[in-house]
Amino acid sequence: MSYTGENRDKQFATKLIHFGGAIDKTTGASSVPIYQASTFHHEDIFNPPEFDYSRSGNPTRQALEDYIALIEGGTRGFAFASGMAAISTAFLLLSAGDHVIVTEDVYGGTYRLLTTVLNRLNIETTFVDMTDLDAVKAALKPNTKAVLMETPSNPTLKITDIAAVTAWAKEHRLLTMLDNTFMTPYHQRPIELGVDLVLHSATKFLSGHSDVLAGLIVTADDSLGRRVKQLQNGLGTVLGPQDSWLLMRGMKTLQARMAHSEQAAHKLAHWLVEQPEISQVFYPGLEGHTGREIHEKQSRGYGAVVSFDVGSGDRAKEVLNKVKIPIVAVSLGAVESILSYPAMMSHAAMPKEVRHERGITDGLLRYSVGLEDIDDLIHDLAQSLRS
Numbered sequence: 001m002s003y004t005g006e007n008r009d010k011q012f013a014t015k016l017i018h019f020g021g022a023i024d025k026t027t028g029a030s031s032v033p034i035y036q037a038s039t040f041h042h043e044d045i046f047n048p049p050e051f052d053y054s055r056s057g058n059p060t061r062q063a064l065e066d067y068i069a070l071i072e073g074g075t076r077g078f079a080f081a082s083g084m085a086a087i088s089t090a091f092l093l094l095s096a097g098d099h100v101i102v103t104e105d106v107y108g109g110t111y112r113l114l115t116t117v118l119n120r121l122n123i124e125t126t127f128v129d130m131t132d133l134d135a136v137k138a139a140l141k142p143n144t145k146a147v148l149m150e151t152p153s154n155p156t157l158k159i160t161d162i163a164a165v166t167a168w169a170k171e172h173r174l175l176t177m178l179d180n181t182f183m184t185p186y187h188q189r190p191i192e193l194g195v196d197l198v199l200h201s202a203t204k205f206l207s208g209h210s211d212v213l214a215g216l217i218v219t220a221d222d223s224l225g226r227r228v229k230q231l232q233n234g235l236g237t238v239l240g241p242q243d244s245w246l247l248m249r250g251m252k253t254l255q256a257r258m259a260h261s262e263q264a265a266h267k268l269a270h271w272l273v274e275q276p277e278i279s280q281v282f283y284p285g286l287e288g289h290t291g292r293e294i295h296e297k298q299s300r301g302y303g304a305v306v307s308f309d310v311g312s313g314d315r316a317k318e319v320l321n322k323v324k325i326p327i328v329a330v331s332l333g334a335v336e337s338i339l340s341y342p343a344m345m346s347h348a349a350m351p352k353e354v355r356h357e358r359g360i361t362d363g364l365l366r367y368s369v370g371l372e373d374i375d376d377l378i379h380d381l382a383q384s385l386r387s
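In the working numbering, the protein residues as written are 1 to 387.
None of these hints come from the bench; they were simulated from the model. Every value quoted in this text rests on a predicted model; they were computed, and no experiment measured them. Note that beta-carbon positions come from the ideal geometry of N, C-alpha and C, so glycine has one too. Some clues are possibly wrong.
Each computed SDA-like pair below joins lysine to any residue, with the alpha-carbon atoms no more than 20 Å apart [claimed, not checked]:
no., residue 1, residue 2
1, K145, G225
2, K170, R112
3, K317, T290
4, K352, R112
5, K322, G225
Simulated DEER-style distance windows between Cβ atoms [said to hold, decoys possible]:
no., residue 1, residue 2, range
6, K141, T253, 38 to 46 Å
7, G97, T26, 29 to 37 Å
8, E43, A348, 17 to 25 Å
9, I23, Q280, 35 to 43 Å
10, D134, A22, 23 to 31 Å
11, T253, K170, 29 to 37 Å
12, A22, R120, 40 to 48 Å
13, T290, A349, 20 to 28 Å
Using the sequences and the hints given, assemble the complete structure.
Written out as structure tokens, the structure reads:
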């Protein structure tokens, strides 16, 4: 690595701390100010200020939006009141009569949106196993306009070949979208692989502290950015300044948190493989994971989420009732470990038969590894499995 030259790009860890808006230009404060204002004075009515109404733009939210665009390598960023608000906005780039191809074991909230809301707007969806590129290609219709990838998928951690799908999509002039919540821009850079629009539930790893509800979109080009801005302003599902500030504070420690949690998750996954009580373990860092080779081509790490099957719904509930350290809750990506039950939490909106078709069994648990000592986490899980 060269340490000289004016054009040397800063490394990711440095960008997380020094993202351009980190120092207040007016006062020199080391934290972005919280502009708790709904409207802004016009000194000259014929020359409107940059910000006039906080739905359309707020200085604190703007700092966050510039921040996520920088670290994702996109042109524009947009902050929303939740991850689902961001995903819903992205899908409203489509029109009635359009068709979209989606990862089959997608997050349950996305599945619910597509099958109970957007279907009423005559937006059609085909769910496919995106580990099979031929299956993706076979889903193409004359009215197909977009492809949504989720890789690793939630909660079975299947891997989609991002570059292969985007290359095919570009041949057919399809919009490509990717949910990057699990990997974050620290591990995975979708725009560099040809993706048009990146989505985040920023509630998860980006925030990292279970205290913010937020969603983010990053666009690869300005034209798409203008379309998303129009939707964000028109729908009004924006993130408030207080939550924007909290999210920026959490993002500064993203690399440190992800590195620690991934190391622990790797150890947990390998321990789980050796346990007779566990029928299957899902983690892209395992040698036997079918998508590992593809994942390693497109990601710098394996992430901090491990899913495993304990064999039945009754056994899953026993484990959930006996663990002492992780909180048993919806969500993931926090400093505290979170153990979730997809069948009754993240994928409760998905009918049982559909869940089972996608490998989301009644015995499946999803473990988001936090910052606790991994030996304590393993000891705790061992006693819950065997007591």
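Going down the list of hints, with the structure as the test:
1. K145 / G225: The hint holds at about 17 Å.
2. K170 / R112: violated (27 Å)
3. K317 / T290: violated (28 Å)
4. K352 / R112: OK: K352 and R112 at ~13 Å, within 20 Å.
5. K322 / G225: Violated - the C-alpha atoms of G225 and K322 are around 47 Å apart, more than 20 Å.
6. K141 / T253: 38 to 46 Å: holds (44 Å)
7. G97 / T26: 29 to 37 Å: violated (49 Å)
8. E43 / A348: 17 to 25 Å: Taking Cβ atoms as reference, E43 and A348 lie about 52 Å apart, which means the hint is violated.
9. I23 / Q280: 35 to 43 Å: Because 49 Å falls outside the window, the suggested range is violated.
10. D134 / A22: 23 to 31 Å: violated (46 Å)
11. T253 / K170: 29 to 37 Å: holds (36 Å)
12. A22 / R120: 40 to 48 Å: With Cβ atoms ~43 Å apart, the hint holds.
13. T290 / A349: 20 to 28 Å: Taking Cβ atoms as reference, T290 and A349 lie about 27 Å apart, which means the hint holds.
In this structure, the hints that do not hold are numbers 2, 3, 5, 7, 8, 9, 10, in rising order.
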